[in-house]
Each structure stands twice: as C-alpha cells, then as structure tokens.
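Protein chains in written order, with the numbering used here: chain E, 2 to 499; chain X, 120 to 204.
Keep in mind the hints are simulated off the structure, nothing from the lab.
As the structure is a computational prediction, the values presented were derived from the model and not from experiment.
Any given hint could be a false lead.
[Unchecked claim] Okay, derived cross-link-like pairs now, DSS-like style, lysine-lysine, Cα gap no bigger than 30 Å in a straight line:
id	chain 1	residue 1	chain 2	residue 2
1	E	K268	E	K39
2	E	K39	E	K376
3	X	K121	E	K39
4	X	K188	E	K496
5	E	K433	E	K124
6	E	K268	E	K376
7	X	K121	X	K188
8	E	K268	X	K134
9	E	K456	E	K124
10	X	K189	E	K268
11	E	K153	E	K323
12	X	K189	X	K121
13	E	K39	E	K367
14	E	K39	E	K433
15	X	K189	E	K496
16	E	K323	X	K134
17	E	K27	E	K376
18	E	K376	E	K237
19	X	K121	E	K124
20	E	K124	E	K39
21	E	K487	X	K121
22	X	K189	E	K323
23	E	K124	X	K134
24	E	K34	E	K268
25	E	K433	E	K367
26	E	K496	X	K121
27	E	K268	E	K153
28	E	K430	X	K134
29	X	K121	E	K433
30	E	K268	E	K124
31	E	K433	E	K496
32	E	K430	X	K121
33	E	K268	X	K121
34	E	K35	E	K487
35	E	K35	E	K268
36	E	K496	E	K430
37	X	K134	E	K433
38	E	K487	X	K134
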Amino acid sequence: MTSIFNLLPVMLFLIFMLGISIYIQKSSTAERKKDFAKDYFIGGRTLGGFVLAMTTAATYSSVSTFVGGPGMAWVIGYGWLYMAIVQVVVIFLVLGVFGKKIALISRRIDAVTVIDVIRARYKSDLLANFSALVIVAFFCATMVAQFVGAAKLFEAVTGFSYVTGLSLFGLIVVFYTTIGGFKGVAVTDSVCAIAMILGLCLLMGSMMEVGGGFTNIMNYISTSHPDMLEPLSRGKMPVSLYISQWLLVGICTLSLPQSVVRGISYKNTQALHRAMIIGTIVIGAMTLVATWIGVLSKGILTDSLAAYGNSVDNITPLAIVKSMGPFWAGVTIIGPIAATISTVSSLLLASSSSIIKDIYMHELGKRGLAPLNSKIRTFSLAATIILGLAVYFIAISPPSVIWQINMFAFGGLETAFFWVLIFGLFWPKANKTGALAAMIGGVLVYCTTMALKIKFFDLHQIVLGILFSLLLFIIGNYLGQPADRKTLEIFFPEKFEN
Amino acid sequence: MKRSDKFRQANYEAKATVLATIAVIIFWWAAGFGLADCDITFWHTPLWVWGGCFGTWIFAVLVTVFLTKKIFVNFDLDDEETKND
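Bound conformation, chain E alone:
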C-alpha cells in the first residue's frame, strides 16, 4: 500500500514550512546584523496576538494530542474527554499570570530567555546553570519521544518505513528551525496549528461516514459500552486521576519554560489580550475534537484492544487507515506531523538558547569578553543544528533511558520552575537559597518518587514534587539572605521605587 500519494501531501507541507523559514531568514537579515541573539531567540519582541496564540497552543499540543489521548479515549470513553478538557486553562493562565510582568522585566534587563530572568532575580550562576541543564535534558528527551511517536504513526498510516518518515520530517524541522529562529518557529507553528485543526476535521468527517453517522456510533456505544458514557467509567477513571491531571496538565503547566518564554516575545498588551482569547478557543477546540474522535472511533474499531496489537497508540493510525483512502490519509497525517514539528521546533530553539545565551554568552561576559555578533550567529546556528541532528539520530533507535527521562520531563520541568518563577516574580522576600533548594530538591524528590513509584493518596508524583519544592523553598528562604535593593527595584518597583 505504499504509494507516492501517501507521501506527497506531507512532503508539500514540509516544503512549505521550509519556504516560510527561508523567507523569514531573508527578511530579518537587518535585525540579525544588529543583535543576532535577540532576533534569533526571541524574534525581537514583535509577535502579534494571533501568532502568539497559535505558537503557544501548537507548542503545547503534541503528537500525544493525536495518538495517546484519542487511544485512551477509545478505551475509557467520555471520561477521558472530560479529563482532557482541563487543558483549556493552560493558555490564559500562563499569559495572564506571567505575561505582563515578564514582558516588563525582560524589556528592562534586556532578557532573551526565561533563565536570563531567573539569573537576574536570584543572582545565582548555579541556579541558572542547573535550569539550563534541566531544560536541555528534559527538552531533548521530549523531542526524541515526539519524533518516535510521529514516525511510528507515519509508518502505520503510509506504509513507508519508520526511518523514511523520521528522516523526512525530522531533518526538515531541524533545518527550518535552525534558519528561521524564533520568528520562523512562531509563524510555522501558526500554520501547523491550522493544519492540525484541518486534519482533525477531515478525520472526524470521514469517520462519521464509515461509522454510519453519529447516531449510529452513539447507539452502538450506549448499547455495547455504556461505561464509556459515565465520567468515572465504572472505576476506570478514579477521581484521583482527575485531580492529578488538573495539576499535571492544567495548573502546573503555568511554569513550563517553553510557554513562559512566550511572555518575552510579544509586541504589546493588545497582542497579549488577543492571544489569551484566541489561544483558549484553539487549545479547547483541538483538545475536544481530537479526543472526541478517539471516543467515536469505538464505532469503527469494534474489536478488543488485543486485536489491535494491545497498544492504545495503534488506535489513531487504524482509525485513519480504516476511514479513508491513501491520498486523504496522507493529507490527514499532516495534522499529527504538524503537532510534532511545532513542539520540536520550539523545544529545539529553547534548548540551543539555553546553551548559547545562558551558558556560553554569560561565561564570556563574566570574563569581560563581549562576543562578536557574527560569532554568536555562527555558534547559535551550529548549536541548533547539532542538537537537532543529535535528537534525530537518537530517535532512529532510542535507548530505553530516553523513555524514562521523557516520562519525568513534563512534571520535572513544572517542579523545577513552578515556585522559582511564581515567588521570583510575586514575592519580594524570595531569595537565592530558597530558589536553589526548591529547584534542585524538588526535581530530585519528583524524579525519585517517579522512579520508585511512591505515591501520595494515589495522586501523581507532581503533587509530591510541588509540595516538597514549596517546603524546601520556604526553609531555604529562611536561611538565606534577601536580594539586593537594586534587583528588588527592577522586579518590584511598586514596593521599592521612590
């Protein structure tokens, strides 16, 4: 069943992404000559509302929006949809809480990354370097997992090999991220978000047709699987899981550095306000439709899970193959590929900015050497492409440790940055010792409890991570020295300005 028709739509889409990035690279030559790092890593603070909304939503929705989530919904039913919708808060929460403050502060101190802000607030190289380490390690593991998920889906739907798919979108996304920089990532992300929505609508439509219409599918579910119509799914969805998800994919996403950094990048407050509304509409629509498709695919995939290879990850590809021909399947798969590359592009750029801006440029600055703009340019491009290629090669045959790191990644990032960012921006008394204890201690507690599967009231380990991190922050803060007056004037002018 391998045919060029399977491949053609994705290829055209990827070439289009590449074209956008080349155009953006050409049109930002002047800005990059002036201050390469600022334009390349943050887009010169020029994002408008629509692009800000789309890039934040696209970075957040990943291949699991299309594969893992719908697969679980096929098993659980509407309970999974009810749980997935908690993600509707993620965009307005991060932009509403941090958006303006981080924009004001980053303009004053000329910050380009979240770590720039953390370093300026706490004046600690150890904290900044540990932050960079956490970001690079967890982001790389996430990128590998994204690549693997998408390549498997690609193989199952098109019949082309895993490595063919991976090489196709893997190499192109690395290349276009490298040349396009942050602005390129933001614009391609926006196109990706639109492609995701179109892909979902297409799949929904053809599935309805194959399943004999919505009424037919729902009648089948209510007679054969009535548990799928209950929020607790007859015990398959315990209340503790709902609470865990509210924390893990709802509230605590507030501190994900890949979302917070978007607060540094936008043009003006009007853009921020618009982005909050558009972003909430888009993230909600995407989550609802993708997961709903999973529930309804029960009507066309009526066997037990064992018949589908005993993995919920097979549900989405099977639903696609079963409900449409090769060409339209090839078009639909653009959706999940777009979800993957829009996540990878943002994480890749954030990782290389951590290495170049937060470690390399800072180290040079400390020695009193101001790096040349051209040198920053060479090193930034090199770091992005080398890191991207490394992720690509690891994804060809991922070692098992990658899966473990990836499993830790989401909650690990949240634990590391949650209190450090909240207290750093809203609590003048927060100090370096508290932040160090909270970040390092929190990540250790979280990873250890995850590895040993220690739980608290059957809740996800994020609860333990966040609670211990809070406790350690308060103890550390009590022992440490308060920040100097100058820092406080920058971060809390409402209290310390004359």
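Here the structure of chain E is known, so what remains is to put chain X in place on it, guided by the hints.
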C-alpha cells in the same frame, strides 16, 4: 502610567487570572460531575458531556473575554520614563 503602577496592575491581573482559573474548575466540576446522574441525553450524548466538556470550553472562553475586556488594561511595555531621556 508609571512603572510602579504597571506592576501594580500586572499583580492585580495575575490575581484575577488565578480566580478565573478557580471559576473554571468549579464550573467544570458542577457541569460535569454535577450532572453525571441526570438521565437527560441530547443528540444521543449525556448532558454531563455537553456541560463538562463542551460547556467548560465555552465557559473558559467567556471568562477569558471577561478578563481581557474588563479587568486587563493596556499600557506601554517599554519604560516611558527612560524613553524620554
């Protein structure tokens, strides 16, 4: 607007955003679990699915519109004081 006033406003908006999130959580609970025992179905789908899933989405959008139109204020993100120097 003075820089300190902008920060006061940003703090106020952050607090309002937290309250808005709590409102969404309460709505989500009430419109989903709260309606779970009700036997009414609409278009072959139980009422709690419409309320808890689709309703929560619409409620969150309305809350965001309210926040950005009524609570949030537009101001210049650059320092006006330093810009005039």
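### Message
To test your reading of the hints: which numbers does this structure violate?
### Response
9, 16, 18, 22 and 27
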